[in-house]
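> Protein chains in written order, with this note's numbering: chain A, 1 to 375; chain B, 1 to 356; chain C, 1 to 346; chain D, 1 to 329.
No incorrect hints appear here.
The list that follows gives simulated cross-link-like pairs (lysine-lysine, DSS-like), each with its CA atoms no further than 27 Å apart:
| hint | chain 1 | residue 1 | chain 2 | residue 2 |
| --- | --- | --- | --- | --- |
| 1 | D | Lys131 | A | Lys38 |
| 2 | D | Lys243 | D | Lys131 |
| 3 | D | Lys131 | C | Lys91 |
| 4 | B | Lys29 | B | Lys115 |
| 5 | B | Lys58 | C | Lys271 |
| 6 | D | Lys243 | C | Lys136 |
| 7 | D | Lys164 | A | Lys337 |
| 8 | C | Lys38 | C | Lys14 |
| 9 | D | Lys224 | A | Lys260 |
| 10 | A | Lys20 | A | Lys33 |
| 11 | C | Lys136 | C | Lys91 |
| 12 | A | Lys36 | D | Lys131 |
| 13 | C | Lys304 | C | Lys25 |
| 14 | D | Lys193 | A | Lys337 |
| 15 | D | Lys224 | A | Lys33 |
| 16 | D | Lys131 | C | Lys14 |
| 17 | A | Lys143 | A | Lys128 |
| 18 | C | Lys271 | C | Lys304 |
| 19 | D | Lys131 | C | Lys25 |
| 20 | A | Lys260 | A | Lys33 |
| 21 | B | Lys29 | B | Lys108 |
| 22 | C | Lys14 | C | Lys25 |
| 23 | A | Lys87 | A | Lys143 |
| 24 | D | Lys243 | D | Lys224 |
| 25 | C | Lys91 | D | Lys224 |
| 26 | B | Lys29 | B | Lys58 |
| 27 | C | Lys14 | D | Lys224 |
| 28 | C | Lys91 | D | Lys243 |
| 29 | C | Lys91 | C | Lys14 |
| 30 | D | Lys131 | A | Lys33 |
| 31 | D | Lys224 | C | Lys25 |
| 32 | A | Lys36 | C | Lys25 |
| 33 | B | Lys58 | B | Lys115 |
| 34 | A | Lys33 | C | Lys25 |
| 35 | A | Lys260 | A | Lys36 |
Simulated restraints, written as ranges between beta carbons of each label pair:
| hint | chain 1 | residue 1 | chain 2 | residue 2 | range |
| --- | --- | --- | --- | --- | --- |
| 36 | C | Arg165 | A | Gly198 | 20 to 28 Å |
| 37 | B | Asn145 | C | Val313 | 51 to 59 Å |
| 38 | A | Pro290 | B | Asp19 | 40 to 48 Å |
Note that these hints are calculated values from the structure, not bench results. All figures in this text were calculated on a predicted structure; none of them were measured in a lab. From the three backbone atoms N, C-alpha and C, an ideal C-beta is built for every residue, glycine too.
This is what each chain is made of:
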Amino acid sequence: MEHTANDTLDFHETTEESLKLEVASQWQLMWWKFRKHKLAVISGIIVILFYVVALFCEFFSPTVPTTYLDVYATAPPQRLRLFLDGKWFPHVTGYRGERDPVSFRKTWEIDYSTYIPVGLFVHGDPYKLWGLIPGDLHLIGPKNPGDPFYLMGADMIGRDVFGRLIYSSRISLTVGLVGMVISLSFGILLGGISGLVGGAVDNIIQRIIEILMSIPTLPVWLSLAAVVPIDWPALRVYFMISIILSLISWTGMARVVRSKFLALREEDFVMAAMLDGCSRGRLIMRHMLPSFLSHIIASITLWIPGLILGETALSFLGLGLRPPVVSWGVMLQDTQKVAVIARYPWLLAPGGAVFIIVLTLNFLGDGLRDAADPY
Amino acid sequence: MVATHTTQQVAPELTMRSDDHLLEVNHLKMYFPITQGLFSRVVGYTKAADDVNFYIRKGETLGLVGESGCGKTTVGRCIVRAYEPTSGEILYRDPDGGVTDLAALEGKEIQPYRKDIRMIFQDPYSSLNPRMTVFQVISEALRVNNLASGSEMRDRVEYLLQRVGLRPEYIQRYPHAFSGGERQRIGIARSLVTNPKLVVCDEAVSGLDVSIRAQILNLLEELQDDFDLTYLFISHDLSVIRHICDRVVVMYVGKIVEVASGLDVYVDPKHPYTEALMSSVPVSNPRARDKGTRILLEGEVADPSNPPSGCYFHPRCRYAQQLCREQAPPLKDLGNEHYSACHFAEELSLAGVRMV
Amino acid sequence: MADNRVLLEVRDLKVHFFTDEGVVKAVDGVDLTIESGKTLCLVGESGCGKSVACRAFLGIVQRPGRIVSGEILFHPDGNGATIDIAAMDPKGAEIRQIRGREISMIFQEPMTSLSPMYTVGNQIIENIVLHTRDSKEIARERTIQLLDQVGIPRPDRLVDEYPFRLSGGMRQRAMIAMALSCNPTMLIADEPTTALDVTTQAQIIDLILDLQHEYGMAVLFITHDLGVVAELADDVAVMYLGKVVERAPVDTIFNDPKHPYTQSLLRSIPKIAMRREELDPIKGMVPNPFRRPDGCTFHPRCPKAMEVCRHVVPSVTQLDPNHLVRCLLYESQEGRPDESAPAGRN
Amino acid sequence: MWKYLLRRSAYALFTVWVISLISFAVIQLPPGDYVSDLVNDLRAQAGEVSPEWEQRMREIYGFDDPFLVQYFKWMRNILTKGQFGYSFYYKRDAVEMITERLPMSFALSFLSTMFVWVVALPIGFYSAVHKYSIADYFASFMGFFGMAIPNFLLALIVLYLTYKYMGQAVIGLFSAEYASAAWSWGKLLDLMKHVWVPMVIIGISSTAGLIRTMRANLLDELNKPYVETARAKGLSETRLLIKYPLRHALNPFVSTLGWMLPSLVSGETIVSMVLNLPTSGPILYRALIQQDQYVAAGFILMLSTLTVVGTFISDLLLAWVDPRIRLQQ
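In isolation and in its complexed conformation, chain A is listed as follows (with noise of 0.2 Å):
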């Protein structure tokens, strides 16, 4: 009666299909269930989009974010046609200018009779790459520099609301990464501590954080944030806002982790690699941190976008960012009249910015978080 392989294996029929499966990483299972969310999918690659766009937006914006002018001033959005009469000619329409005969207020209107040839590739307005490498080449913009083109119309001061935009998701965008990365550090590290030490310390942070939890969250972001001094330079703004907006986000992750935790510490794997000799810092790294990872990447994308709304509203008050940093939100500030809104509804075009992200990120968490477990 020995036991042989054949005489057990009969019915492990193995295709070329179920082997597959059957060698696939945990990472290659994960990316065969996302990848059946389609709606995931897309909006993963309108995600990976947005933050390429901030990476070169320097590139991809027509103009700096500094130039303006005057004469523009709350110019519609123009129209943007690939062709004239049948033939290949990219251009936006012209403009045509009134003045208001009660108010002697200078008006817009869009003339159709009049075109602004376009270029891709085009020279424009000189910058420096991350500060440091120079050049002049945008994407797009007009042919002829100088010629208005505002494809989402010009604000107050006859900016360009399209290349301000573009400038701005490099901050909007990257202040939720830096506020993760603090309330990630902290979420993991004080979550950890609660779900391996436990007791009284457990007890002592949990307490803690549902206190944290139970105070409303704006109003304290606005006291913290009216404390940061005017004359603060741009950078520091920037890197306080973050970690004020990360300071009520890490109890949310410090709970996860350590739910996550508590659960894997149950798990008999994890048992059975103790009593295999490993050391609690491989037991944490090599058994348990695989099983987490997935589940955290999960959570941060559905995290991120509330503090890109975090920073929008802040900044939108006037508490958060301030010019000369271009954000969505410092955008927006413009917008905090009825008045303004009312005849210039194109300033609210980072608004669109903003939900565009956060709903696709919500889309790709959600699909993650399906996909974080594929056993």
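With chain A's structure known, arrange chains B, C and D on it following the hints.
Just chains B, C and D, lined up with the frame of chain A:
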């Protein structure tokens, strides 16, 4: 009448009582604190194992039985040192003859013994990390203990896979490719990879279907002979215990109530609890149905954090007397390696399992 | 009171699950008869379809599962009235009149089968009021009486207790009390003792036997534990991959099994009388539900498989009035009976 | 149960105390104080301000006391006299402003909570029971939509749309004729007419979140064995769903009040600023900008206390609906 002169408690000596003992557990206690409040004040203890004494001979299979919550898993985990016992000794004889108290070891000192005493888990699903290949799972113990590396390690894993009835080609696969029975085989290979002396099988076949269970039981027996293994077999399934064990330890609420050879415990029990347990075993023979003689236990298993006075079993015992309510009975040697923790072990004539 | 008439007749029942990966034929042509006052045990390894089958008898198979074909004929009383449960709307009022009143069911997990949000009494009273239209007070009296009958101590207090404050054994008793509350003609018990300790299991088995004796109901007991079968069955049906492969009185199953699967199953269980007797397990394992073998589904694991087993689906052979087997080994002796003939009629 | 109640209230009190400390500390953080602002203003307008006068002002306001002393005085006045200090900016008693504005904030948060529950419960329930139906997909999509749009932006869009299509932006909670009138039936009706816009805007993202939570919880519950038990009893599907899974899913529902309230109050604050509602939001904002410290600290304290009380109530509700919590303490 209690024959006090023959009463002899399992003596707490520091050397082993017999040369063929591989392991001796003496006065083992495992108390889990019950805490309350913000600062986790200790308000009581769950006495999961309370003064447990037994020994395991080299090469034998010792069964540990009892209802759920009786502390059998706790004892197993103390022996593999997944838990740090509250007090007591776990004496282990090294292959070279030296005796070590595993319960007294701390931190890194346990490391050398981890490879000698291994464990097989109940749940074949949660006991294998789904994110590691079969090779990584099985070889982990070799790797962390620097016992082998490279092709030597690979050969060893492949050899073991084959020994437990799996194809060596499966080495790079992940656990999700396997069924419950196959996973349990992987778990067995993991426990054997370090050439252990003692394997603690904690309900190792309880989660499996009848036919797979039989396959695994056969495999365990075969491996015992080939690898010269000693088993501590923890189970609530009395027919499995009967099948595989040489001697049996019966536990009730953290205490040992009876120790005897596999046959004696079934046909000649000396503790009323064992008698009731045996009587509850369904017999796979419809002609043996005899409802009238079955002893049904009344009430519920006692709460290990608040056990009754005297003998813990007295509230459910149909032979209980005043003495049982007042005094906790010691584990008495009744001769012929039969021990019972009942005041009236010698007087009662108890019924064994219905065997037809 | 057992008059041993046929209470439930199942003919060629098929329950399939339509999943994204394909169709799982969980129950694939089951024929059964259950007589009033008797206990039928349905045995098989996990995944053989026994739980799905018994849910179908109550019309509570959940999506994506569905009764595809077959009849479940229920004869509630002696005057010949017949109801086909399989043909009923699973959400309709008619079938709800049968559930909990004519046929009631107890489940495997006593810990989760009762809602922790309501008291034990509330959940039993609900059943009584639903089917008898008695007042709450009368139902409560009956509930206390039932709890007493199933051996729950201090029933007048425990009636107001929440399930999570009771032990597993007590909860299973409460479940039984609930199942019996409307004097059902049939009780379906789906592995009611699997999650319990052996001592509690013995108590519950005795309780069910006692109550059956008293109420005269039929019991359909699903289990994978052959020891339990030997303790309480009158008749046994052995299932493998969605089909009943052998059906006989309990004594015949244990002492003269015919189907190779039943034989192997019996050889797989350790006997308490012997230490280390040779176990002869069935080789291999239950195949993937999406890739069922052709012919006799057991042939790849069968020690007596013949070439013909690979292609020919065996039909039911009647070895004697009470003994039916679905195996090609026996078909040659009898000739091939009509596939559509209802099985197990006596 | 009583023990639980006692412990829970002690815990709530402690939280409020910690919050009071935090809110007072936060207000003290910025360099300078109201007097230095005042001095700057006066210098700009009138030229010279004597240091003695500045010093005297500081003494009057007690700004030179150590932090703990100031905190202690502040707390003592709140607890014994119900006084929150003086608003330097509005030249009024802070408590007046709080009693004027806070009830509005409370009412708005309360109404938003009701809105969230009333909308999320049936939609979540329907979505779970009709999993993967078109309506379910639509609800999920709307849920994502609601979560992605910042509430102040929604407020701006509503402003824009109402201005464009109705000729007048919906601002405030009252029509002009009622804004400063005393309470009357007419004023209440007027409030009812206006309040639903901010209510919906504030509640929308919480509603989206709650629909998703509700759906997920209910889906979990639908597969629980006790549902099968109930089905095997012969209960009708609707009755069964309401009595069992819905009741179970209600638990997390009640406990969501705990996490929803802080975000509702936050949302209320910012939406109020955009829509210029007579609630705490705009005042708090002003006070923070102007370093009007007693007003700011008072509002933060009261708003936070409000949420703590809300969480406390949700815990009590939870113990009331869930016997496991009630009986296992």
